[in-house]
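Work the whole structure out from these sequences, hints included.
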Amino acid sequence: MPGRVAGKVAFITGAARGQGRSHAVRLAEEGADIVAVDICRDYPSVGYGMATEADLAQTVKAVEELDRRIVAVTADVRDAGALRSAVDDGVAQLGRLDIVCANAGICTVQSWDEVTPTVWQDTLDTNLTGVWNTIVVSAPHLIAAGGGSIICTSSTAGIKGLPYLAPYVAAKHGVVGIAKTMANELASHSIRVNTVHPTGVNTPMGEGLGGLEPLIGRDPNLGPIFMNTLPVESVEARDISNAVLFLASDEAKYVTGLEFTVDAGNTIR
Amino acid sequence: MAGRVAGKVAFITGAARGQGRSHAVRLAEEGADIIAVDIAQDIDSVRRFYHGATEADLAETVKLVEALDRRIVATKADVRDYAALKRALDDGVAELGHVDIVSANAGIFVFGEPAQDVTEQDWQDVIDINLTGVWHTVKAVIPHLIEQGTGGSIVLTSSTAGLKGTPNVAQYTASKHGVVGLMRTLALELAPHSIRVNSVHPTGVATDMILNEATFRLFLPDTEHPTRQQAAEVFATTNALPVPWVEPRDISNAVLWLASDEARYVTGVTLPVDAGYTVK
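As they're listed, the protein sequences go chains A and B.
Under this note's numbering, the residues of the first sequence are numbered 1 to 269, in order.
Under this note's numbering, the residues of the second sequence are numbered 1 to 280, in order.
One or more of the hints may lead you astray.
Distance windows between CB atoms, simulated [claimed, not checked]:
id : chain 1 : residue 1 : chain 2 : residue 2 : range
1  : A       : Asn202    : B       : Ile146    : 24 to 34 Å
2  : B       : Pro143    : A       : Glu236    : 22 to 32 Å
3  : B       : Gly112    : A       : Pro140    : 54 to 64 Å
4  : B       : Asp261    : A       : Asn221    : 47 to 57 Å
5  : A       : Gly161    : B       : Glu60     : 46 to 56 Å
6  : A       : Pro140    : B       : Glu189    : 40 to 50 Å
7  : B       : Thr119    : A       : Leu215    : 50 to 60 Å
8  : B       : Ala236    : A       : Asp67     : 36 to 46 Å
9  : A       : Asn221    : B       : Ile127    : 32 to 42 Å
10 : A       : Glu64     : B       : Asp261    : 20 to 30 Å
11 : A       : Gln58     : B       : Thr54     : 38 to 48 Å
12 : B       : Arg217    : A       : Glu64     : 56 to 66 Å
Stretch-level coverage of chain B by chain A, calculated; a stretch enters the list once three of its residues show a Cβ under 8 Å from a Cβ in chain A [stated by the list, open to error]:
id : region
13 : 181-193
14 : 263-270
Just so you know, the hints here were simulated from the structure itself, not pulled from any lab data.
Just so it is clear, CB atoms sit at the ideal spot from N, CA and C, and this is done for glycine as well.
Below you can see the structure in the form of structure tokens.
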């Protein structure tokens, strides 16, 4: 049986590890070739380490082991020029573009009065402007292909006002705005634009949320905001990839403008 | 490759034709056995718009599922009749062993006048079938799912009319919004049992329910005999993507995904399959 995205090419940002690598592998399992980018460099403002070049090489290996092709480039989503070069190069090598996963993101935990201008700017630049840059450099290729599927990674923080994550929440809400506007602007080209909204995912970024517990201790009334409805504390990257795969495939050819929660019921409480 | 819902059993209402039949076939293609029910007769308040499914339609669904080498237990039953619905389900579970997936799909579309002019009978029929029928469906199946202790996936068929208001379609819009309220409450009540509950929200689907002159006239009130082509042009303006309506299989693909273990942590979602109708 051919894969569910056989013959398609997917551009994935933040693909060196975590959800991005999982998306690359899941889409490759179902027949897609991959254009992968990752910054592979630490942010001084972020308390956990970013992915490395070795991580990105591991993604390349995982995709190639599935007999799919991958073009991997070290690039920062804040740098629209570098991002454009990466996707243009990938499309030149792989022939087309059908799927875009605007996945790259950072997350820092602090109370509102501990948000530094640098943290604010880095978060908005990466998580919001980075998504915008990703769409802007990709859309011409999707238009040329006659359609496509753009999946922006938001968060439960794109729906709820999660405390101690103000810059992250602002950026992730903004991603929803970009996606809904672009769903309308690109619809005439049969390009679909949706957001996915994970609850906590077991990834290196999730480990960066370790600072939450002492902050919640200051105001225990805020703790239940982070609780899921289904009896699980967090989900796996592959659970998000399965939603991305559905949205990327032709099975979702009439699904656009959706805020797709993969959140164990976090946002319905 | 094993099917995406291999070994599961799905209970589907309104399964004789249209979306319900499509769900039965799609889930069977991916390895599920089916418990199908349908009223399989005309409903008085609907007859002026379109005809109900028939027993022959239900037999055709059986044939299609069996052609896929899956088992199906099909019963003529009205979702308004709780006792009959429960009996049909219980018989199906007795024969097929368990139930894992629920598609509360049976519904009618009655419309055409402002809310104050809707007759008592039209209002009651729509609410009884589209909302109370959904509640009957879940009321019958939830004890099975809880007792089995293996979780489950309930998919309620709502509509774009479950998310947005629709002039001159008060009874249907009210019923489909009600389905969302029921879905959200069930998602919370059933989460401790790892039973997920979501709703799907189609835009117009190419079935007998909308491909009829009465529905075309809702969009073209000044045209005496609107054609499918004329209707398609107007329908297309309601969607963001450049299509007038979608096919039953497009909805079935969403139901399949929600029913499968790929969606094991997805609950409480209002999933539009609406070509961007609600994002416009």
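Structure-based check of all given hints:
1. Asn202/A <-> Ile146/B: 24 to 34 Å: Roughly 28 Å apart at Cβ, these two residues keep to the hinted range, so it holds.
2. Pro143/B <-> Glu236/A: 22 to 32 Å: holds (31 Å)
3. Gly112/B <-> Pro140/A: 54 to 64 Å: violated (45 Å)
4. Asp261/B <-> Asn221/A: 47 to 57 Å: violated (35 Å)
5. Gly161/A <-> Glu60/B: 46 to 56 Å: The hint (46 to 56 Å, Cβ to Cβ) holds, given that Gly161/A and Glu60/B are roughly 51 Å apart.
6. Pro140/A <-> Glu189/B: 40 to 50 Å: Holds: the Cβ-Cβ distance is about 48 Å, inside 40 to 50 Å.
7. Thr119/B <-> Leu215/A: 50 to 60 Å: holds (58 Å)
8. Ala236/B <-> Asp67/A: 36 to 46 Å: Because 41 Å falls inside the window, the suggested range holds.
9. Asn221/A <-> Ile127/B: 32 to 42 Å: holds (40 Å)
10. Glu64/A <-> Asp261/B: 20 to 30 Å: holds (27 Å)
11. Gln58/A <-> Thr54/B: 38 to 48 Å: At 58 Å between Cβs, range violated.
12. Arg217/B <-> Glu64/A: 56 to 66 Å: Between Arg217/B and Glu64/A, where Cβ atoms are some 58 Å apart, the hint holds.
13. 181-193: holds (count 5)
14. 263-270: holds (count 7)
Checked against the numbered hints listed earlier, the structure breaks hints 3, 4, 11; every other hint is satisfied.
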